[in-house]
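Asks: Now for the letters of each chain:
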Amino acid sequence: MQDRYRKQELFIGKEGQSRMEKSKIVLIGMGALGSASAEMLVRAGIGELVLIDRDYVELHNLQRQQLYTEEDAAAYLPKASAAAKRLKAINQHVKLQSVIENVDHHNIEQLMEGADVILDATDNFETRLLVNDAALKHGIPYLYGACVGSYGVTCPILANGDAPCLHCLLEQLPQQSETCDTAGIIGPIVQWVAAVQVTQALRLLSGQKLKAELCAFDIWTGDYSRVDVRGLRDASCPSCGMDAVLPFLNGAEQTRLDVLCGREAVHIRPGAKKSLNLPALAEEWAFAVDHVTANEHLLAFRYREHRIVLFTDGRAIIHGIDDIVRARSLYDSLVG
Amino acid sequence: MSIKLNGREHELSADIQNVAQLLGSLSLENRIVIVELNKEIISKSAYADQPVRDGDKVELVHFVGGG
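Chains as they are written, first to last, in our numbering: chain D, 1034 to 1369; chain Y, 287 to 353.
FYI, nobody ran anything at the bench for these hints, they're computed from the structure. Be careful, since some hints might not be right.
Listed next, the stretches of chain Y that the computed footprint assigns to chain D, with coverage defined by at least 3 CB atoms under 8 Å from CB atoms of chain D [what the hints assert, rightly or not]: (1) 292 to 300; (2) 307 to 321; (3) 344 to 351.
In this text the structure is predicted, and so the values were computed from the model without any measurement. Glycine included, each C-beta is placed from N, C-alpha and C at the ideal position.
Same shape as in the complex, but just chain D (with noise of 0.2 Å):
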C-alpha cells in the first residue's frame, strides 16, 4: 500500500517508516492540540493511536479544532468519537481507540499501556502532572505542549533518568494560570506547538534522540526562546527524584469533587490549596464571566450558563450541574 508514504519515507528512510508503522502514541486530549496532532499522526501513517477525551463538541471548538463539523456540535458527539469518524475517513489503516473518560489516578496507567510515545494536549496542569508521573514510572517519553493567546511551548520529558521531569520544571502545581477561555488563542499557534510536538515523535520513533529543551513561540509577535534546561534534574524531586513517591499518580494531589445533593451543584475541592488573587481573576476573566459578586472570601460569577462561586483556596460549587466530569471540564477552563 506503501506508495502513499514515498516522500516521507525519502525523509526519515525505510526503517523509520517501519517503525512509525508499529508504533502506538497515546493522545491526552482530543481539543486543539490534539486534533492537529492526530490529524498529522494519522497521515504520516502512526500504526496505532489512542484518542482520549472527555468532553463533547461544542460550536466554539471549531475555530481552531480542526477534526470537528458543524454537524459534530449539533449532535453533541464527544470529541474521542468525532476524531475517530474524521480521522478514520483519512487512513483506514491506522487502528483508532477512542476512549471518552477522565483520566486520572486511577486509569491512566492502563489508558497508555504499551505506548511508545504519550503525546500531551490537555488543558490543565494536574493532569499534565499526573501523566508525567506515570509516564516517569513505565519510562515512556512524555511530550509537553501547550499554548494560549498567540503563544505556545513544548518540552519533551524524556524519563531518561538524566533530565528534569515536568515536576521539576514547574516545582509546583501553578496557583492560577491563563486558559484558553479567559485569555483567548489564535489556531495558528496550536499547529506551531501541534507540529514541533509531532516532530519530536517522528524523531523519536525514527531512534533520533531528542534534547531536553523548553521551546517557546509568540506567533504574532515572532518571539522565539530556547533554553536548555538539562541541568534543572532536581535530584529531590517528589515525581523523579531519589525518593520519589509520584505524588499525582497516587491520588495524594488531586482534585476531588463531588455532587451536592438536591441542589443540582458540584463541589470542586483542589488537592493542594491554592492562594487565588481573586480580585486579580475577576479582572483576567473580564471577557469570559459576567453577574460577577466579589467579597474577600469569594467571587461569585455566570460563566457558560452556569452560576459558579469559587473560593481563595480553590474550592469551586458549580450550580446548574450534576456530571462531575463536565464540571470538571469547566473548572479546568477557567481555572486552568
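Dock chain Y against the given chain D, drawing on the hints supplied.
Replies: Relative to chain D, chain Y alone:
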C-alpha cells in the same frame, strides 16, 4: 539600558534592576517562568537578588496550560 530578550533588543526603564522587576514589567510575576541570564538558569528564589545589567542576554519561557 537595553538587554537582549529572547534574541531581540529590549529597552528597560531605569527602575528595573533585577529579574523580579523584569518579570513584573512583562506581567509575568505570577507565572511559572524559566529565566536564563547570560546562558545560566536563575533559580526562582534568586529573582529579587539577581541584577539585570545593560547588555545582558535573557531568555524567558513561561509555562501555559491551554491546549
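Asks: Next step is simple, just say for each hint if it's right about the structure.
Replies: Hints and how they fare:
1. 292 to 300: Since 3 is at least three, the answer is holds.
2. 307 to 321: holds (count 4)
3. 344 to 351: Coverage by chain D holds for the region 344 to 351 of chain Y (7 residues, Cβ < 8 Å).
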